[in-house]
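**Q** Sequence:
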Amino acid sequence: MALIVHLKTVTDLRGKGDRIAKVAFRGLSFYSRVLENCEDEARFDETFRWPIASNIDGNEMLEIQVFNYSKVFTNRLIGTFRMVLQKVVEEAQLEVMDTLIDDNNSAIRVCISVTPRTLPC
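Numbering-wise, full-length UniProt numbering puts 96 at position 96 of the sequence shown, and it's gapless, one number per residue.
Because the hints were derived from the structure by calculation, they are not lab data. Any given hint could turn out to be false.
As a list, the in silico DSS-like pairs of lysine-lysine whose alpha-carbon atoms are at most 27 Å apart [to be verified]:
hint	residue 1	residue 2
1	LYS8	LYS71
2	LYS22	LYS87
3	LYS8	LYS22
4	LYS87	LYS8
5	LYS71	LYS16
6	LYS22	LYS71
Label-pair distances were calculated between CB atoms; the ranges are [to be verified]:
hint	residue 1	residue 2	range
7	LEU119	VAL72	35 to 43 Å
8	SER29	ASN105	15 to 23 Å
9	LEU94	VAL72	33 to 41 Å
Treat the numbers as computed from the prediction; the structure is a model and nothing was measured. We treat Cβ as the ideally placed atom computed from N, Cα and C, and that holds for glycine.
Could you put the whole structure together from the sequences, leaning on the hints where they help?
**A** Here it is as structure tokens:
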């Protein structure tokens, strides 16, 4: 079995800058490529894959963090998207569009579009 996550877009971003995303599941993280000079939309259009030996527990989480990328300084977190994978386990694929949350767990006006799915071996 495998979990596949297609990170499509992040919209309603403020300011102009370079953006990068970190996608994490079961302690294994992948980074997207750096999108340079993004304004209000970052079109990642990238797919990430985790091979899975054991079934996905319905309580397991997928986490996506979006950052303002800096070559010199630490990347600055814009927001985080977290999703319990129960519905993905039940339906095998979902189209999700949701807002990100900030460090205080409050929704911010930045939207993410992502498609998580599971594939049998």
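**Q** If you draw a straight line from the CA of LYS8 to the CA of LYS71, is it 27 Å or shorter?
**A** Answer holds: LYS8 to LYS71 is near 24 Å, not above 27 Å.
**Q** For the hint 15 to 23 Å, verify it against the beta carbon of SER29 and that of ASN105.
**A** Holds: the Cβ-Cβ distance is about 21 Å, inside 15 to 23 Å.
**Q** LEU119 and VAL72, beta-carbon distance inside 35 to 43 Å?
**A** Given range 35 to 43 Å: holds, Cβ gap about 40 Å.
**Q** Assess, step by step, whether the Cα of LYS22 is no farther than 27 Å from the Cα of LYS87, and give holds or violated.
**A** At roughly 22 Å apart (the allowed maximum being 27 Å), LYS87 and LYS22 satisfy the hint.
**Q** Mind checking the hinted window 33 to 41 Å against the Cβ distance between LEU94 and VAL72?
**A** 38 Å, holds
**Q** Tell me if the straight-line CA distance from LYS22 to LYS71 falls inside 27 Å.
**A** 16 Å, holds
**Q** Starting from LYS8, check that the Cα of LYS22 is at most 27 Å away, please.
**A** At roughly 13 Å apart (the allowed maximum being 27 Å), LYS22 and LYS8 satisfy the hint.
**Q** Verify the proposed pairing of LYS87 with LYS8, using a straight-line Cα cut of 27 Å.
**A** Given pair LYS87, LYS8 holds - Cα atoms ~19 Å apart, limit 27 Å.
**Q** Assess, step by step, whether the Cα of LYS71 is no farther than 27 Å from the Cα of LYS16, and give holds or violated.
**A** 15 Å, holds
When held up to the earlier numbered hints, the structure conflicts with none and fits them all.
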